[in-house]
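There are 2 protein chains.
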Amino acid sequence: MTAITPTKPQEVVANLSQYEASYAAVKQRGLKLDMTRGKPSNEQLDLANEMINVLGPSDYKAADGTDTRNYGGLDGLPEMKAIFAELLETSPANVIVGGASSLTMMHDAVVRALLHGVPDGVGPWGRGKIKFLCPSPGYDRHFAICQHHGIEMIAVDLDKDGPDMASDEKLVASDASIKGMWCVPKYSNPTGETYAASVVERLAAMKTAAPDFRLFWDNAYAVHDLEATTDPLVEIIAACAKAGNPNRPLEFASTSKISFAGAGVAVMASSAANVADAKKHLGIQTIGPDKVNQLRHVRFFKDAAGVRAHMRKHAALLRPKFEAVSRIFERELGGTGLAAWTKPRGGYFVSLDTLDGCASEVVKLADEAGVKLTPAGATFPLGKDPRNRNIRVAPSLPPASQVETAMEVVALCVKLASARKLKA
Amino acid sequence: MTAITPTKPQEVVANLSQYEASYAAVKQRGLKLDMTRGKPSNEQLDLANEMINVLGPSDYKAADGTDTRNYGGLDGLPEMKAIFAELLETSPANVIVGGASSLTMMHDAVVRALLHGVPDGVGPWGRGKIKFLCPSPGYDRHFAICQHHGIEMIAVDLDKDGPDMASDEKLVASDASIKGMWCVPKYSNPTGETYAASVVERLAAMKTAAPDFRLFWDNAYAVHDLEATTDPLVEIIAACAKAGNPNRPLEFASTSKISFAGAGVAVMASSAANVADAKKHLGIQTIGPDKVNQLRHVRFFKDAAGVRAHMRKHAALLRPKFEAVSRIFERELGGTGLAAWTKPRGGYFVSLDTLDGCASEVVKLADEAGVKLTPAGATFPLGKDPRNRNIRVAPSLPPASQVETAMEVVALCVKLASARKLKA
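Chain order of the listed sequences is A and B.
Each residue of the first sequence is one higher than the one before, starting from 13 at the first, in the working numbering.
Each residue of the second sequence is one higher than the one before, starting from 13 at the first, in the working numbering.
Just so you know, these hints were derived from the structure itself, not from any lab.
Possibly wrong hints are sitting among the right ones.
A pair counts as met if it fits within one copy or between any two copies, since identical chains are not told apart.
[What the hints assert, rightly or not] Here are the computed lysine to aspartate or glutamate pairs in the EDC-like style, where the Cα-Cα straight-line distance is at most 16 Å:
1) Lys-73 <-> Glu-55
2) Lys-73 <-> Asp-58
3) Lys-376 <-> Glu-32
4) Lys-254 <-> Glu-213
5) Lys-433 <-> Asp-368
6) Lys-384 <-> Glu-373
Use the sequences and the hints to build the structure in full.
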């Protein structure tokens, strides 16, 4: 991670009073724009409205005759498993369909390991002090799970090919208390990169001091392309099996950003041993997930191809917003050396880096001008960005015109904060 | 619990060969009847079929404008909270609406306590050995949660007014490792009794050595009357508050046996401090429950009165099945002193007691004659009925005619097992 370096620092400082004046004017506009969370827009949700009543009043039987209205079916309807398996490029036997939330499935997996341990393990993780590797910037809710349960987080670098493998390999090889690693391998949150094949293969094969090390593989954006082509990602379950570490990956995904956010269907995929272990625990905590909602998804999407076709409609709605971010940042900050930003080919976020030490000031200035951003630092463990430079921009929710306005404000705040800092 | 005593033991023994002959004949019939689980019948589920598509394709906004299709809303829609609050006779502020499963909410509450402790507590329950009181016969899935997490179970007696308070008070007063107690206070599973007012008040007021003792109050059958009148139950949250133990109760319920089993809506209700504590944890494990399904329930039932009206339709379908059980048992076993059975005014089960030592033989005989019953012992901690006499009968799923046939087989198996035992 090279530092952001201003191209013409004197010129930036010279413009300070001009930035202050522009900022004062912006504050007068009384804007109220929210760019904090990666929520789908109303137009995206509308794409699935037919799903709400796709089931007729007597359409409640799954293909195998299961009455979805009644109890049972711990791991999901076969046809829902088949769709997820194809989208995740694995086999239905590796799939457990859950309730509406993949975050809940991840949290459950961590809690199960804390209380009971995992296959290949030597007992409950919660018996001693454990640690997780956290490629950063990353997803704040992953880090929150660790913080909540007292799991120490080790922030590790993330570059355009994924996590920095040389340092990760060294860490996991030498410290048996490192039990897990959070990964968003495709269109990573918030930096947008997809892990290179060589990185995935090294993650699958690396020697870990802990015999029960787990990759928490949050494939949240598996089918969330913005462009016509998808980033290739090596399938993790097969890669780990091939490397002799079949039980290493715990993969998660959901339809939250495909059908409805919070009323979708979530999934965990893993090895036979991990699936059997998870089902043993699931049988204690539930009689089964909501199968009617699974059937609704099956009827609406029909198959994996249906999901992919649907995602092209999402991309058509999202692309102009991401283009707006790029366009404004390029116009306002291009060549200044005051910031660097990602141009993701998928996912939900643009990652903006400012000069070291400026991110929290930019977020504060933007907030005071009516543009809410994710808190600075949120993308790092414990909310602490060591260089105070990363800002997660979430352009999905507001209309493109508002995204444009918000980004103009953010760009101005970057210039103002930079000028103030360079002058100091 | 007085033992079942045969009225005319010699006569029973004398009839052994006749019972054997009848049993051999029944086996020839090739029956295949399943009375194992408390599942609603197709006809009951059909009552809610309109709910499947009660929402029009543009009907997704809650009363407060919340778009139920998008993220957010940790504790449920206000209108869903209001319905549950009225049904449970508490205030909406005490209510957290969850996903589809109350079992999951109970399990979550236990896991949170194991890992983090509870308000008024002195740290995580999982740090030491803990115990739960288990009124027995009780619900096997409650006991499974304890067994799974290594919580020691103390079986305590249950009579027609609820748990035997004298012994319970003594136990909890003297043993600080007793942290919890499972209660199904209304139409108890499987014995059908509703806790008397004096019992509820003693549970609310009893002195516990553990400062963080919790009543796990599974009010699964709160509105599941079979008759025109309901059994009165003292509201536990107010009772505990009045007794100076506001954080003692954790109440659970769901619409699984109201709308759809497994695709309903679950709820936890408790004190302000417990609700705040639960929400702190929930915010880590989920972004929110399925609000579209909540809205579906709100539109279909409209209000608590709508739920009650709906439950009268359930009762009309269930009553003939429960009457069939009573009728056959009375006809076949009445006056014999070979069995005693409950005649519940609500809930999902009939509890059948045989002569001591005969329950597992009856279940085995019935199974071999094509009538599957819940395994003997399932209603006791660790699946061990110390007197081997209790059998849970679940008449809800099969048609009344099949219930009748199945009960004839069970009654015959009771006579046969009794005769064999008395002869031995």
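Each hint tested on the structure:
Taking the shortest Cα distances, Lys-73 and Glu-55 sit within 16 Å of each other only across copies (14 Å), while inside one copy they are farther apart (31 Å). In this homomeric assembly, Lys-73 and Asp-58 come within 16 Å of each other (Cα to Cα) only across copies, at 12 Å, whereas the closest approach inside a single copy is 26 Å. For a Cα distance limit of 16 Å, the shortest separation of Lys-376 from Glu-32 inside one copy, 14 Å, qualifies, whereas the shortest one across copies, 85 Å, does not. Taking CA atoms no more than 16 Å apart as the test, Lys-254 paired with Glu-213 passes inside one copy only; the shortest distance there is 9 Å, against 62 Å between copies.
Within a single copy, Lys-433 and Asp-368 get their C-alpha atoms as close as 10 Å, which meets the 16 Å cut-off; across copies the closest is 84 Å, which misses it. For the homomeric pair Lys-384 and Glu-373, the shortest alpha-carbon distance inside one copy (13 Å) is at most 16 Å, but the shortest distance between copies (69 Å) is not.
When each numbered hint is compared with the structure, no violation occurs for any of them.
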